[in-house]
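Let's have the full structure, built from the sequences with the hints guiding it.
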Amino acid sequence: MSFDIVLVGVGGQGVLTIGELLFHAAFDADMPASLTPTKGMAQRGGFVKVELRLGREGAGPRIGERAADLVVGMERSEAIKGIPYAKQDGTFVLFDHVWEPTGVMLGTDAYPALDDVTDAIREATSNVVILNPADVPCVDGRAVPANVYVLGAILGQSALGERLDPEIVERILSDRWPKAADSNCVAFRAGLASGELALGEFLRTSPDGELRGGEQ
Amino acid sequence: MKRIVSGNQAIALGALRAGVKLVSGYPGTPSTGCVTHLLTMELPDRHVEWSTNEKVAFEIAAGAAWAGHRAMCTMKMSGVNVAYDALISIAYSGTNGGLVVYVADDPGVSAGMAEQDSRGFALMSYLPMLEPASPAEAYELAGTAFELSEAVGSPILIRLTTSIALSHAGVEIEQPVPPREIKPILEKDITRYTKAGSAICRQQHQSLIDRLEQASEWVHQRGLNRLELAGEPGGLGVIAAGAVNAYLPEAIALAEGMRLDDVSTLRLKTTIPFPWEETNQLLGHCGTILVLEELEPHVERAAHVAARQLGFDGPIVGKMDGTLSPIGELGVAEIVKGLASATGSSPTRESQHAILGHASGDGTSRGAEVLSAPRPITVCAGCPHRGTYLAIEAAIERAGYSKDNVMVTGDIGCTILGMNPPFDLLWNEVSMGSSVSLAQGYVHAGIDTPVIATIGDSTFFHGGIAGLINAIQHRVPLTLVVMDNGWTAMTGMQVNPGTDAAFQERGRRIDLEQVVRGLGPDSVAVVDPYDLEGATDAIAKSLGTAGGVHVVLAQRECAIQAARRGIRYGTTTVDPETCILCKKCLRVTGCPALSMASPPEELGESPEDDSPGRQHIEIDASLCNGCGVCVSFCPTSALKRAPKEASE
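Protein chains in written order, with the numbering used here: chain A, 5 to 220; chain B, 15 to 662.
It is possible that some hints are incorrect.
If you only want the chain B side, here are some residues facing chain A, beta carbon under 10 Å, derived [said to hold, decoys possible]:
id : residue
1  : S177
2  : T205
3  : K209
4  : L262
5  : I266
6  : P436
Simulated restraints, written as ranges between beta carbons of each label pair [to be verified]:
id : chain 1 : residue 1 : chain 2 : residue 2 : range
7  : A       : G59       : B       : G237      : 27 to 33 Å
8  : B       : W290      : A       : R175      : 50 to 56 Å
9  : A       : L110      : B       : D99       : 44 to 50 Å
10 : A       : E166      : B       : L53       : 38 to 44 Å
Since the hints were derived computationally from the structure, they do not count as laboratory data.
Bear in mind that the values here come from a model prediction, so they are computed numbers and not experimental data.
All C-beta atoms, glycine included, are put in the ideal place defined by N, C-alpha and C.
Dropping the structure here:
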């Protein structure tokens, strides 16, 4: 069974790392896979997109619009650029990190409100998961890597967890960064379990506390 | 062994498998990863280098191939423009050892500069070109290219597009093969290796045509272009070139219900030589032809010629009839659209999604994008170019002008980022080195404000130096600011002639300052971009001097490369009590290390942690290298810089 994933975010958030870890897990499991990063000219701080296609032998690297089984937005504003890829019956995971561009800080450009972004996402797809950056746990007073938390969350909260064994992903994670294995493990498992808190999250991030359709 | 490789790495490994002796190139996204990968490997008996420019790189490879070895040269599509003078000439001469040019095209322009279809170059110079559709094919066809090159005695182009060059996949990789042990060929034959006279040139033209003819036969024998006729005569025939082939099965599956049971296909790995025989068979069997190719309709034009010769009078659907666009990548959605148009059927519900989502730019899928905040690319925290832009701007003002009426030409590379906010300083970006020559044209045109050209170090060595020589020879009054950060930075930090000796692979460093002084401009000033006053003074002095060519060398190593070696120049801090949040530092420098400290509740901390509502500028210590450029713009001295000695 094929599974197509689009990840979008800002360079420096570890978007590509999420893609690489999933890609290596697929490779280890002998699953055909293709990983394609797209980043602009910026060394850091620019828009980044990663396309990961699993289970398709010999398929081209690009994922078409409305064709991704899973879209992951790592930053509120850039997540909007992932919406065109969302499949109606796929899953959209929004990690609601806010990374304001300079123009927003200077007050010359507008930054989108969370409600407007989630409304736009819900128009494209019915399964929406919103992750609050405040729920990324701390170890010894320091926040664990947010991208590893998101990695756990997408395995825990989308059909991806049925295609790729989270245990394999966790092993690859600790093999790659043995020194950070403990904090990465905390991040990964917290993400994996994040679904259990999903309803609470939603109520917290929705200012009026009103539950809208499509969340169940 | 199956390994994870990118398309770029697959080309490199395929060349090693083919026993390549020499690989040269000039960095250019998306092709850079090929030579970069080779430079990470221990390769005894082989030579790998970043050359000064693509023409130099290609000529080096050609020399090695003329001497009988296998050689490869790599570049991005714009690089072919530079190399082409040599490329077309050497095409007429042919080659002895296998000579392969790897070029990466960028349909959709996600990586670079131009939607330029390099197949046009191959067509003009009768050079066979292989077009792999995946990293696995790239690995295989890299080897095929060397075989074909030696079989017919012609240089061969191998072309990837961005998505394939940058995508990673598991590919079965075999052991590399050492370069052949031969005595280099020294063949003296002016009829082949020179262009001395009409008779020689006409003979070479004939040989060129003959070689493509032989290549056509070789490609046909090898079955590189695969024809599959299906169903009863009169059905649909699809010709798909290169990268498009990877999406064809997916698109046909999506188009189920479009009466596609009997679709015949011709899958091309070469547009040049054109597969006339297979095309004729397809035309003979089918009633309608759909041509799928990215960028220009080269295959489609040839299909029209074949149709005319055969008397085929069915429709040929593609770009020339307006169904598909020559702009952008060609993926599943476009193929489905083409299939629907060619079969005259309405797309199925599922396939309609694909088409609607993509081609029409309708409100539902792309509409929300207006919500996202603009994120213009700027230079990195601590980038020396920031100081140079600000110094140029200050010097223009000091000389009594405004940046809105002083021409500052730009050039290729990181230095062009001065076109973006907050600098908005540069007016143009054309080709490697063009800043210096364009500036001279503006001067000759008689504009009455000073003209400034800006260029980076690698771009100066690559193509700018000839323009400077011209300016000095012809006494064209202008100021050239060379922004020398010691690296070819934008493509991911490659070594160039001016890079510090410690990082030269086997080469030595060329002193850019000595090169410039040697040319004899009217003045040369060397400044540190972190010293805003000094840099501004030097540039303002040039602008205030009537006549003469003035060169200002702004020298400071790329902040990214310095940071990788742990270099910091000091510590810049903000005093939250004194910061009045005027944001001038942010507005003037746009430095990514500067931000506004978020209100406590957004961080999820309890409000007692900080006094609520008291915002101030914050510095990301992990990004800031203490360059101190922001400090001079702070009106309340809240920003302070402690030099390196005092820090840690």
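Cross-check of the supplied hints:
no.: 1; hint: S177; result: holds (5 Å)
no.: 2; hint: T205; result: violated (46 Å)
no.: 3; hint: K209; result: violated (40 Å)
no.: 4; hint: L262; result: holds (9 Å)
no.: 5; hint: I266; result: violated (12 Å)
no.: 6; hint: P436; result: holds (7 Å)
no.: 7; hint: A/G59 / B/G237: 27 to 33 Å; result: holds (29 Å)
no.: 8; hint: B/W290 / A/R175: 50 to 56 Å; result: holds (54 Å)
no.: 9; hint: A/L110 / B/D99: 44 to 50 Å; result: holds (47 Å)
no.: 10; hint: A/E166 / B/L53: 38 to 44 Å; result: holds (41 Å)
When held up to the earlier numbered hints, the structure conflicts with 2, 3, 5 and fits the remainder.
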